[in-house]
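Fit chain B to the given chain A structure using the hints.
Spelled out from the first residue to the last, the chains are:
2 protein chains.
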Amino acid sequence: MIKGLFFDISGVLLDGPNLIAGADKAIELVKQKNLPIRLLTNTSQQTCDTLLGQLNNARLGVTKDEIYTAPLAAKDYIQTHDLRPYCLIHPNLVPEFAALDQNNPNAVVIGDAADDFNYQTLNKAFRLCIEGAPLIAIGHNKYFKKSGEFFLDAGPFVEAIEYACDIKAIITGKPSLDFFNQVLLSVELKADEVALIGDDVYGDIYGAQSAGMDSRLVRTGKYREGDENKVSPTAIVVDDVLQAVEDLIA
Amino acid sequence: MIKGLFFDISGVLLDGPNLIAGADKAIELVKQKNLPIRLLTNTSQQTCDTLLGQLNNARLGVTKDEIYTAPLAAKDYIQTHDLRPYCLIHPNLVPEFAALDQNNPNAVVIGDAADDFNYQTLNKAFRLCIEGAPLIAIGHNKYFKKSGEFFLDAGPFVEAIEYACDIKAIITGKPSLDFFNQVLLSVELKADEVALIGDDVYGDIYGAQSAGMDSRLVRTGKYREGDENKVSPTAIVVDDVLQAVEDLIA
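Chains as they are written, first to last, in my numbering: chain A, 1 to 250; chain B, 1 to 250.
If we strip away everything but chain A, and leave its shape as in the complex, we get (with noise of 0.2 Å):
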């Protein structure tokens, strides 16, 4: 029995800044029946603010306490633990954590900073981390595209850190347990009493298989044939959000 729904944000909800036909009506649905919803993302470049202005542009009706991000979960844990971080992370993102003393950091938070990254600030972080400094890290992806380039995400600094200090990072974003565990927490419910819509086969379906919830598999976004095979068990494939919604919950 289905008492809650996390949806993946882009490709699943929106394509770019438009939305996705039917998921307007697949939101529409779930709130009709008074089940919470979280929209989770592991943006590294934008904020809550920032996010919530492009859904209610595409008009999706969500709150800003809907949506739980990779930055936000960082945010909670530097909150939770009272830490005063050092931010390496993108330039859009630095509203995010504005209202955190950054002051004598003793933790450090690392994003995909893209030019930020240099030995200054990357000593910086090290020196933090080898002093005792937990390392935060938002996402841990290895690369994007952009504009035909490829990029270096905040993985491979991330790993930098970790081999410098010896240390693990504790890595915000789907498919982190903490980080499902955390939003699961924040809806008051079980794992087993949720179910994910995602487009990203490893991100949102075996993350959500990891954690223990229920799962759908979207056609839209970046889904490739054949990839809810690469999941065991294999991953239930639907059109779009709306089919997942009426099929979990209808």
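Hints are computed from structural coordinates only; laboratory data are not their basis. Idealized CB from N, CA, C, for every residue including glycine. It is possible that some hints are incorrect.
[What the hints assert, rightly or not] Calculated lysine-lysine pairs in the DSS-like style (CA-CA distance at most 25 Å, straight line):
{"no.": "1", "chain 1": "B", "residue 1": "Lys145", "chain 2": "A", "residue 2": "Lys146"}
{"no.": "2", "chain 1": "A", "residue 1": "Lys168", "chain 2": "B", "residue 2": "Lys168"}
{"no.": "3", "chain 1": "B", "residue 1": "Lys145", "chain 2": "A", "residue 2": "Lys124"}
{"no.": "4", "chain 1": "A", "residue 1": "Lys145", "chain 2": "B", "residue 2": "Lys168"}
{"no.": "5", "chain 1": "A", "residue 1": "Lys168", "chain 2": "B", "residue 2": "Lys3"}
{"no.": "6", "chain 1": "A", "residue 1": "Lys124", "chain 2": "B", "residue 2": "Lys64"}
[What the hints assert, rightly or not] Which stretches of chain B does chain A cover? Using the computed rule of at least three CB atoms under 8 Å from a CB of chain A, they are:
{"no.": "7", "region": "125-135"}
{"no.": "8", "region": "143-151"}
[To be verified] Pair by pair, the computed Cβ-Cβ distance ranges are:
{"no.": "9", "chain 1": "A", "residue 1": "Asn104", "chain 2": "B", "residue 2": "Gln120", "range": "51 to 61 Å"}
{"no.": "10", "chain 1": "A", "residue 1": "Ala98", "chain 2": "B", "residue 2": "Asp65", "range": "53 to 63 Å"}
{"no.": "11", "chain 1": "A", "residue 1": "Pro233", "chain 2": "B", "residue 2": "Ile167", "range": "30 to 40 Å"}
What follows is chain B alone, placed relative to chain A:
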């Protein structure tokens, strides 16, 4: 029967720019017996010419072809495999690679590039490696200390590119077996005919043991009480390089 001797430089023959007592006599003894020598170092910032100048200033009678460094091993690899490297290395090392064709690169040489590590240079290395260019690493150290401050060494950046591209770097320098085999080849001796004298129980003694060479650990340089017990079999410890040479070839 020892037919050739390998020496670490820093902490064995030199302390900074200064001769370690007895080092001149040690080299002299070996040369009197007409045994080939090689001075091996993992320097990531010095060319063979710079090192030779230092050794000459300390009045150690060695020639340029008796010096073998990690950067030189990288250069040899590049030349043997007829590659065109993109060199992400320390500015001081640039002359060592200047004679190589570096246009339209199809290999990456990565060392302790210090301030030259940034998002642009690392993306350039990454884009070459993800297209199949081999990654040749000058050493794999985690960090070093300079003027009381910690700095990231080449190792973490090598790990970053390895992770991003799912590849393994070719690592030059001690204790790499390939490195020792290359030096053994240059003196036309087998491993069991050579001994290595060093102050680093891992890079020197563990390396020598893995390659099948005899070795002596000196109490000068970075030696710390008990270092000999960090390898198996236990390292043979001597006071200094002169005692090591007398022990090995007297």
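Structure-based check of all given hints:
1. Lys145(B) - Lys146(A): The given pair, whose Cα atoms are some 37 Å apart, is violated under the 25 Å limit.
2. Lys168(A) - Lys168(B): Given pair Lys168(A), Lys168(B) holds - Cα atoms ~20 Å apart, limit 25 Å.
3. Lys145(B) - Lys124(A): Within the cut-off at roughly 14 Å; holds.
4. Lys145(A) - Lys168(B): Holds: Lys145(A) and Lys168(B) sit about 22 Å apart, inside 25 Å.
5. Lys168(A) - Lys3(B): 46 Å, violated
6. Lys124(A) - Lys64(B): 38 Å, violated
7. 125-135: With 3 residues close enough to chain A, the hint holds.
8. 143-151: Satisfied; 4 residues make the cut.
9. Asn104(A) - Gln120(B): 51 to 61 Å: Violated: the Cβ-Cβ distance is about 31 Å, outside 51 to 61 Å.
10. Ala98(A) - Asp65(B): 53 to 63 Å: 60 Å, holds
11. Pro233(A) - Ile167(B): 30 to 40 Å: Between Pro233(A) and Ile167(B), where Cβ atoms are some 32 Å apart, the hint holds.
Of the hints listed earlier, those the structure fails to meet are numbers 1, 5, 6 and 9, in rising order.
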